[in-house]
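Residue numbers (this note's numbering), protein chains in the order written: chain A, 1 to 276; chain B, 1 to 438.
Keep in mind the hints are simulated off the structure, nothing from the lab.
We put the beta carbon where it would ideally sit given N, CA and C, even for glycine.
Keep in mind that a hint or two might mislead.
Simulated DEER-style distance windows between Cβ atoms [unchecked claim]:
no.	chain 1	residue 1	chain 2	residue 2	range
1	A	D183	B	R111	35 to 45 Å
2	B	L163	A	M196	19 to 29 Å
3	B	K10	A	V40	51 to 61 Å
4	B	E58	A	D183	50 to 60 Å
5	A	D183	B	Y339	54 to 64 Å
Footprint (simulated), chain A over chain B, 3 or more residues, beta carbon under 8 Å [stated by the list, open to error]:
no.	region
6	90 to 101
7	158 to 167
Take a look at the letters that make up each chain.
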Amino acid sequence: MRYYGPTDSFGFGQLSEIWRTRELLYSFFLRDLLIRYRQVVVGVLWVLLQPLMGMFIFIGLFFVLGTQSARSGVADAPVVLTGVLCWQLVSSSFRDATGSLVNYRHVVTKIYFPRMLLPLASLMCAVFDFTIASTLLIPVCAITGTTIVWSTALLSIPIAIWLVLFCAGCISWLSALNAHYRDVGYALPFILQLGMFVSPVIYDLERIRPLLTDRWVWLYEANPVACCIGLFRWSLLGTAQPSILGMTVAAILTIGIGLSGLAWFQHADQQLADRI
Amino acid sequence: MKLESIHVEKVSKKFRLGAANDYGRLTEAIMARAKGFFCKPAQAVLAKENPTLGGRMEGEWFWALRDIELSIPSGEIVGIVGRNGAGKSTLLKILSRIVMPTLGRVGVRGRVGSLLEVGTGFHPELTGRENVFLNGAILGMPRSEIRKRFDEIVSFAEIESFLETPVKRYSSGMAVRLAFAVAAHLEPDVLIIDEVLSVGDQAFQRKCLGKASQLGEQGRTVLVVSHNLAAVANLCKRAVLMQDGRLVADGSPGRIIDQYLSEMRTGDGQRVWKDDDALAPSSDQIRLRSVSVFGNGSEVPLSEVDIDQEIVVAIEYAVLLDDVSVSVQIQVRDETGTYVFWSTNAPSMNMELDPWYGKQHPRGVYQSECRIPSNFFNETRYFVSVLIGPEIGWITLRQESVLSFVVHDTGAMRREYMGPWIGPAVRPKLNWRTEKKG
């Protein structure tokens with residue numbers, strides 16, 4: 001017999017619960033994936049078109065402004081593309097996951113399953129898109145004559161996982177907060193807009209560093225998104241690495257947000273059906 | 001000794017009122033929001049909006065359940081009875097883990113399923129096949145099991161040729177059939193049926209109860225909430241009675257139903273609320289003052305009326321604002337919870353014209369009377385519910401089973417036949433005539 005009731009535990013119990021119901025997680029993931037490109041002419045091609053279009057817009061913007069986005073000596077296109085790929089992982093997972101509980105409240109208030117599955121399924125979709133779209137780097141590098149640094153290229157995988165873990169922590173906060181206070185959903189677009197400018201999405205670290213004095217660069221790089229994008233770019237294109245201090249703080253932040261997100265989600269989950 | 005299937009340990013649940021209110025209408029929701037925005041609702045206001053809450057309020061908090069202890073061995077079919085708002089549905093929601101108890105804990109062995117969730121998670125863009133898998137997974141079936149029973153489900157729903165069609169192109173009948181087929185093939189260890197929430201569709205209710213007895217025969221645990229006391233008595237081996245959030249009795253269905261009915265038998269043919277009574281049933285515009293039953297030509301309210309006498313249900317209410325439109329309705333049920341009739345003062349449903357119908361009521365006290373002809377009811381107990389709102393289809397004040405009365409046959413309708421009058425809710429005196437045609 002399995003017992004449940006109000007609990008003050010830290011929320012690790014949710015992880016084993018998620019593991020037990022992984023088949024349902026897969027079903028939700030499949031559902032999100034299937035309905036996204038229904039009644040769409042070019043279908044799954046959008047996964048590739050979105051980051052490509054983002055890349056062209058930003059390169060075009062820099063062209064019109066008569067400047068370059070990259071200072072690292074690498075061509076603009078792969079620099080912007082790596083940034084856009086990572087950013088779309090962050091923004092689409094944040095956007096979809098934040099609304100996931102609220103959009104499914106007719107299910108959430110009628111039947112039990114670990115609620116964490118809903119935001120996680122949104123995150124999985126974003127990761128799926130990210131993985132597929134990453135293959136674009138190969139032709140883009142080939143066309144622009146950029147060499148991929150194969151010696152460190154494999155490191156991009158754990159770096160991407162770091163970014164995904166950071167997103168997981170944030171969406172536990174956002175989705176459960178949004179179920180209680182819909183304000184979160186309204187504020188999110190602005191937060192994302194701001195986030196894009198304080199992360200090296202359309203420019204590289206070399207470009208931002210001279211603007212911030214050496215004293216403050218670590219603070220910029222302590223933003224886990226900025227840190228991960230910097231590292232991702234470094235591992236594939238050989239651009240500058242974020243500072244050690246910045247990386248350390250970013251790692252601590254990621255762990256902190258992840259653990260607190262787990263605890264908060266469990267806390268919020270206990271009143272979810274009453275409040276949503 | 002049988003295995004325990006459900007174990008409820010000292011479970012209590014409190015809700016914050018105002019936050020958890022169910023708003024039927026958007027306008028009501030917006031008004032409530034606006035009100036909440038400008039002034040924090042006080043306890044008295046909340047209690048006013050929720051007239052039956054009595055001693056269950058604690059500041060803004062409302063105890064929906066208190067200290068529930070319940071242990072059910074596997075294979076038992078248990079009925080839960082109680083008035084509206086006694087906490088039956090909340091208890092079921094806690095058992096199915098949708099709502100977390102505030103105090104105490106609940107143990108359940110195996111998978112819990114409920115026929116409430118028919119079609120939960122159906123997505124219109126997905127095809128029939130995809131929805132079967134998704135819905136099955138949400139209901140807790142492993143993929144392998146869904147795959148195994150897939151053909152069975154599809155043929156049960158009779159949608160073979162539409163498997164690859166998005167559900168949004170299905171007729172509503174097809175969608176419901178498919179949804180029910182999935183739910184019917186789910187074999188939960190504990191089945192929960194809340195009929196209260198699925199009112200309206202008789203065929204569906206019958207299907208639910210059929211499924212319940214079938215699962216019961218297979219030795220699974222079933223919990224039934226129903227206003228259909230006859231069904232509870234037939235289906236269950238055990239029943240529990242809930243009252244104001246507490247579990248007050250537990251035993252054989254016959255005994256529990258008797259106790260429930262005697263609880264419902266309130267009073268002396270009249271319910272009165274004082275003007276300053278914070279618990280008086282009220283909406284923003286109207287406050288109920290009294291509901292009374294008169295009969296036998298008496299000026300005094302009666303709870304027992306003769307079968308050959310006209311019965312008058314009088315509803316007195318205060319209109320709190322000027323220019324309010326008011327529609328008054330009553331619903332009458334018999335002891336089994338079956339609706340006998342529903343009546344309102346609208347012209348087409350009224351023998352005479354109600355002078356106040358459709359008029360803007362200025363502030364003041366009003367009394368609406370409904371006259372029920374003599375020789376109409378059977379000899380049994382009837383329960384009167386009062387519904388008031390701005391329009392027939394828009395009820396803002398609802399008081400279920402506010403009082404009851406008993407109809408006695410004094411012999412006026414029983415000269416020729418002395419046997420029992422089985423079943424029917426009404427026994428109208430009608431016109432009969434026989435002619436010899438050849």
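The hints, checked one at a time:
no.	hint	in the structure
1	D183(A) <-> R111(B): 35 to 45 Å	holds (37 Å)
2	L163(B) <-> M196(A): 19 to 29 Å	violated (43 Å)
3	K10(B) <-> V40(A): 51 to 61 Å	holds (53 Å)
4	E58(B) <-> D183(A): 50 to 60 Å	violated (28 Å)
5	D183(A) <-> Y339(B): 54 to 64 Å	violated (44 Å)
6	90 to 101	holds (count 7)
7	158 to 167	violated (count 1)
The structure does not agree with the numbered hints 2, 4, 5 and 7 stated previously, though it agrees with the rest.
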